[in-house]
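**Student:** Chains as they are written, first to last, in my numbering: chain Y, 23 to 199; chain Z, 4 to 494; chain L, 54 to 569; chain S, 13 to 115.
Because the hints were derived from the structure by calculation, they are not lab data.
Please note that a few of the clues may not be correct.
[Stated by the list, open to error] With a straight-line Cα cutoff of 20 angstroms, these simulated EDC-like cross-link-like pairs (lysine to aspartate or glutamate) come out: (1) L/174 / Z/374; (2) Y/193 / Z/365; (3) L/174 / Z/443; (4) L/430 / L/507; (5) L/430 / L/367; (6) Y/193 / Z/98; (7) L/266 / L/367; (8) L/430 / L/546; (9) L/266 / L/425; (10) L/370 / L/425; (11) Z/32 / Z/98; (12) L/553 / L/265.
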Amino acid sequence: MPIPDTVPVLGISWGDVLFLVLAAVMLGSALLVVTLRDIIRCGLAMIVAFGALAGIYVVLGAPLVAAAQVFVYIGAIAVLILFAVMLTQAKNAPVRLVFQAQALPAAIAAIVLAVMIALTASATDWGAVTKRIATGTDALARLLFTAYILPFEVVSVLLLAAVIGGIFLAKREGRDA
Amino acid sequence: MTWSDLTVIAPFAAVVVVAALVILADIVKPGNRHLALGVVLAGLAIVGLLTLWTGQAPGTAFGGMYKVDNLTTFLDVIFVAIVALSCLFAPDYLEPRGLPIAEFAAILVFALGGAMLVAASADLLVLFLGLELMVIPGYMLAGYHKRDALSTEGAVKYFLLGSFSSAIFLFGLAYVWGLTGSTRIADVAARVGEIVAGQATLSPGLAMGLAFLTTGVAFKMAAVPFHYWTPDAYQGSPTPVTGYLSVGPKVGAFAVVLRVFAEALLPLRQEWLIVIFVLAALTMTLGNLVALTQDNVKRMLAYSSIAHTGYMLVGLAAYAAGVIGGLEGLLFYGVAYTFMNLGAFAVIAALQKRPGVSSRLETFAGLGRREPVLGILMVLFLLSLTGIPPTAGFFAKAYVILAAVQAGGWLTVLAVIAVLNAAAAAFYYLRVIVYMYMRDPTGEPAPVAHGALLRLGLGITAVMTVILGLFPGLLLPSVSSAAQAIGVAIR
Amino acid sequence: MDISSFPILSLIIFLPLAGALVIALIPRRNLAAIRGTALLFALATWVASLWLVLGFLPGRDVVASAAGSFQFVEAVDWIPHFGIQYKVGADGLSVALVVLTTTLSWISILASFSPIRERVKEYMISFLILEVGMLGVFLALDLFLFYIFWEVVLVPMYLIIGIWGGANRIYATIKFVLYTLVGSLLMLVAILATAFTFQAATGSWVGAFDLEKLAGSGFDGTFQLFAFAAFALAFAIKVPMFPFHTWLPDAHVEAPTAGSVILAGVLLKLGAYGFIRFAIPLFPHGAHVFAPLLIALSVIAIIYGAIVALVQPDLKKLIAYSSVSHMGFVTLGIFIFQAQGLQGAILQMVNHGLITGALFLLVGVIYERTHDRTLAKMGGLGAITPVYSAAFGFFVFASVGLPGLAGFVGEFLVFQGAFAFNPWLGVAITFVMIFAAAYLLWMVQRMCFGPVSEFLAGLGHHLTDMRPVEILTLAPLGALTVVLGLYPGLVLDLIAGPVKAVLAAVDPAVAMSIGR
Amino acid sequence: MSQSLDAYLVVSGILFAIGTFGFLARRNAISMLMSIELMLNAVNLTIVSFGAFIPALNGTASVIALMVMAVAAAEATVGLAIVMAIYRNRRTPLVDEYDAMRQ
């Protein structure tokens, strides 16, 4: 049986459904990241959000970015953060307030910000907007190593610097101590 | 990548090599301070020479992403000077606290690379990466005294707010990029110019991008009301780092401003002029008012550095109003500020050579008698920061004020706000002099011997502070040509 | 040797600086060498400044430079980018004040030998740098250079009061600096605006800071109002005019003796000089518009200063407030825009410098012995210290304007001008001054005559009469007071040219405003 | 909807706002860092969306997104190292308890 172009009954396309589900999962878990009390669960919710975003990148036709999203954000950053969480959680710490006193104003500010960005995005004429275009992996690699060789090198230097400094700071004791 | 690309980018490449060599030297001979310092100072000298050499032949590289013009060279030389001086001042402070110098120097040199990239960027992506390469080492340096609670506390605050502002800046950048269709600064400027010339109203997306960019940059240069990370980060950091942080990333942030606002978004200057005007007035006034109430000299200088951001913004506002002198004034101010502020922090660092000495005002009591030379130098730097002639700080203030007066109209009001602020600032700068010369010390600590490098560095900053005050004409041609590099479009 | 080509002015300005540098090299324990060097350089500067007078001997005053009445002009490009020059030059007014400065400087340094025993090296260096600043202000012909010297004065004075001053010195210094700085920074804005206006009009920075070029360029009326207001504020604070005078009594009370001498003798004159040399010639229209206000403030200062002086228990405060009153005469004389008034004002500047300087020295003498300046505790000094009492009486007489002494001629000329300007004004001021004079004379009577007060008697043999050094510091001031009292022409001849020039600058403005 | 640029921009805007809220409201340094990561992800979504819908930006969008990820990684490395260092000194990851400098 052929799959119809649109979802039966609702009449929206499958692509839209996919997008909506992914967006809902991403935003929902992002909300959990910033509201959950237990920081380990926050970290897990963040991984879900990153994963959903990778899905959106696929929908957007940028598979390489999606792959990098999985590698970098889930594979490296999220794991690093969870690791740090485990190291810094005192087991016997009393239950503390999770939020600053200004949480309510912050929430209002964030809602205003979201509405503002949404309105701005829809009010702006984006010029030559077309149908979605997929990005070829070959083309991307070629760009990265030709036109964008300088940024590429700079990013390497940046990571090197971060690693050197990170190791120094995270080492248990200074060499001379 | 071609051979010519490599020659144009030689200074940046040299910076990376120097950083790597410092680390290597430390691996070969661990903990050898002399070797590390020798490598880094010699390396910086070479970087400086390469900068001047490439500056002889302005050009672009990497398909127009990297640009060397007179402004690049001018800023690069300042950055090299800042980093070299910081390396001179640091050992006396780090050594007694058991902190290694090699890592310090290497991280600092990485930051130099970032700053140089910012100054040389002809592309917003390179600019952003340069900015990150400049500030991320800053976070690490702020927490460099990692066993000290204050240092790490300052670092974590600096890091969190810095990253937050980076995200904001980047979001703005994304919108500007989406609407202008290019990351090349020249293309962005052309596209924005078309929009402005076409009488089309500024699209909401571009306006929002602009707003985010401004906010992000305002964070980076600690303009009020985005300044609140500064005092803790500055007070907590090891003093030589504070000196560096108060100068390096600040001049770097202005380099970002020059490349983004003064170059890419120049056609929109009427729009951002108002914002800069308000930021400048707020920044000067609030920075000074809060500085008045501080009794920790490091924290006081942190707030005062906020105020100095405000004075520099006056120059930027004048430039936005169509006076190239504003840009020149801003650049001159950057140089003067570099030497006088680094000098002031170096004196504090020298006083704190013995671990445990605080930077509170009491530490300075009777300094004029205890350490006459440090006392006199501190007076010089403080007078320069106040803007008393004949010091570099005076001419710098006069320059931006002249530009504001030249722009006329509301900017004259800004000039008046600036001088009233300068008068108010005299109060807290002079209070340090009061403590040094008019109060008796609270107990006579044994004198400390100061290292040769520190003395050399203090000598350089002092001499520059005086020379730039007495003969500012020496610097004016380079300031002019640097300003011309991006200011040709104006009037 | 042609005295016009030798850079005598630079020599005068920078000789004290050279002295300061030499002292910096002397070990701090060698007090005698430090003091001697300071005095030597101050005396050398004084001698050099007397040389200037030669240029203004009768018959030579015609040998003016082409640009104006300035002589010994030196001009070197300094910051060509903005047309800023190192340009100095002297006319009669400058010379009178330069000689006053150099005279009071060496006297002050000599008078500091005994009271200043702490940090002598820093003290002498500060003092010599202070002299550099003051001389520079009186000789600069470039607005930027002028501003720099103007601010250079601030720092050493701040240090002199702040380090070697009395108990409440920190409050006094901060007040002094903040008042002065607010005014002078606004003046900086005005200077820059003036230069830029000139640049915008001529299309070039050349001469944009040159007083002689600017003075004739006739700025737009509205601009003149703002610019004059900014300049006037800076100068009014320095003079100080009512209501900006409140820093002065504090500063005087806390300053060491020599600091007070220089403060009253020279620093207050910087403001009046600024009016005459810069504010009025540059912005005659503005000067004319603001003149009524400034005259009113001057009159208030004369009366207020005199009355407040009467109720001061502290000798230094008393003299400080009388200075406010006397300087009121100076500004009054300036802003009635009449030849006599202006001559009187300038003469009064010189006289006040000599006489008040001497009075502060005398207060210093008694303070060194009694560690007290309370008027009520004094009495019968004539019996214990006759020389001191005579000197004190002499200078108080001079101060209240006894005919035959210097104070008289200046005040009289200003009175004459004030009468011509408005007779009622003249009458009012006369009454106040007579009243004040009577009171001051009564004060001398209380202090020096009558029975010896318990306080002074308690001091016993510690209360000695004046030492030779102290007499040596006062003698030149006394001599000049007599000479200028008998022959004020010495100064009047010198300043005839500048007075004419200033009035000529104002006249068109007067005509312009009458025409409206 | 999945064919419209606006929808993606709105989603990324909301994500950015959520991140901002988290940064402003949380008091745990690591939570704040996570919030910043959310913001950077929002930026990336914006960039990739532009690339997917505006032909001229197609190629560069992915490159920029990759760069941003690398920057995020560098920031996270340094940030976590600093958090480890302060935790060793203070035994708490709560930022508002770091107030030793407020006298």
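**Student:** Against each hint, give a clear statement of whether it holds in the structure.
**Tutor:** Status of the hints after comparison with the structure:
1. L/174 / Z/374: 15 angstroms, holds
2. Y/193 / Z/365: It is violated: about 35 angstroms lies between the C-alpha atoms, which goes past 20 angstroms.
3. L/174 / Z/443: 18 angstroms, holds
4. L/430 / L/507: Given that 20 angstroms is the threshold and the Cα spacing comes to 8 angstroms, the pair holds.
5. L/430 / L/367: 10 angstroms, holds
6. Y/193 / Z/98: Judged against 20 angstroms, a Cα distance of about 19 angstroms means the pair holds.
7. L/266 / L/367: The hint is violated at about 47 angstroms.
8. L/430 / L/546: Cα-Cα ~44 angstroms, so violated.
9. L/266 / L/425: 52 angstroms, violated
10. L/370 / L/425: Within the cut-off at roughly 13 angstroms; holds.
11. Z/32 / Z/98: The hint holds at about 17 angstroms.
12. L/553 / L/265: 15 angstroms, holds
Violation of the numbered hints given earlier is confined to hints 2, 7, 8, 9; the remaining hints are satisfied by the structure.
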